[in-house]
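For the sequence shown, counting from 1, position 17 maps to 17 in this note's numbering; every step adds exactly one.
Be a bit skeptical, because a hint or two may be false.
[Unchecked claim] Below, computed lysine-lysine pairings styled on DSS-like, alpha-carbon distance capped at 30 Å:
no., residue 1, residue 2
1, Lys-54, Lys-196
2, Lys-191, Lys-216
3, Lys-92, Lys-240
Simulated from the structure, these hints should not be mistaken for lab results.
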Amino acid sequence: MGLVIMIVAAVLVAVVLAIVVVKFLPLKLRWVASLLLLFIAFFLVYKIYDGVMKPINFDKEKTVRFAKVIKNLKIIRDAEVAYYEVNGDYTKDKAALISFIDTAKRAIIETRDTVVKVNKGSKWQPVMVDVEKRVKDTIGYEPILDDFKDRDYKNMFKVPGVDGKEFDLEVGKVEKVAGLEVPVFEAKTDKESILKGMDKSLVKQEKEAVTTDQIKGEFVTVGSLTEVTTGGNWPPSYDKGDAKKKSN
Numbered sequence: 001m002g003l004v005i006m007i008v009a010a011v012l013v014a015v016v017l018a019i020v021v022v023k024f025l026p027l028k029l030r031w032v033a034s035l036l037l038l039f040i041a042f043f044l045v046y047k048i049y050d051g052v053m054k055p056i057n058f059d060k061e062k063t064v065r066f067a068k069v070i071k072n073l074k075i076i077r078d079a080e081v082a083y084y085e086v087n088g089d090y091t092k093d094k095a096a097l098i099s100f101i102d103t104a105k106r107a108i109i110e111t112r113d114t115v116v117k118v119n120k121g122s123k124w125q126p127v128m129v130d131v132e133k134r135v136k137d138t139i140g141y142e143p144i145l146d147d148f149k150d151r152d153y154k155n156m157f158k159v160p161g162v163d164g165k166e167f168d169l170e171v172g173k174v175e176k177v178a179g180l181e182v183p184v185f186e187a188k189t190d191k192e193s194i195l196k197g198m199d200k201s202l203v204k205q206e207k208e209a210v211t212t213d214q215i216k217g218e219f220v221t222v223g224s225l226t227e228v229t230t231g232g233n234w235p236p237s238y239d240k241g242d243a244k245k246k247s248n
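Please put together the full structure from these sequences, using the hints given.
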């Protein structure tokens, strides 16, 4: 809106200047007016170019910054999911989660079908019937650390590009169905600190984002304290690299 007002004002000034030149300015001084008009023309071109490129450059830079933040949030998510698989709960203890990755092991489960005899009759008149049953056996253990090779999990709680700031990490419980509560976790950080130093009006718009191709709201978040999910609030475009890694 400010750009439009500025352009309209510059056009009005140019029109007024042109009228003054034609009606009042002596011929020998018209070169001065020509220079002023040329300056106004260059100014308009610059402002239009800047007005078009500013949001484009903002989007490019914010995508780079958000991608680094989301990379760490994905590590936190995977660590919490692994912790839940082993312990049946999530944790908000950051040091404990890093230590868990370093030391914990996950059971390797083998599932097989077997046939067992089941009495379908009574105690006094047994009727033995073959029933197929699925059995799970623990055949070994694997280090959780194997899932985090080449990933900087030691620094996963640091918000990239924001000095001294860490992700907020909380855990809780959500009632999934009546009478059944399940553990949940949430890790997040605010957009404003990530986008510090960028155009304030565009940062304000970003914090109000609601469309599906944007990161919704004021925070970049993974997990939730209000619903059962381990997903993030970013669009699928930030997961394209993960899909390529999985396919390889």
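Evaluation of the provided hints:
| no. | hint | result |
| --- | --- | --- |
| 1 | Lys-54 with Lys-196 | 16 Å, holds |
| 2 | Lys-191 with Lys-216 | 10 Å, holds |
| 3 | Lys-92 with Lys-240 | 28 Å, holds |
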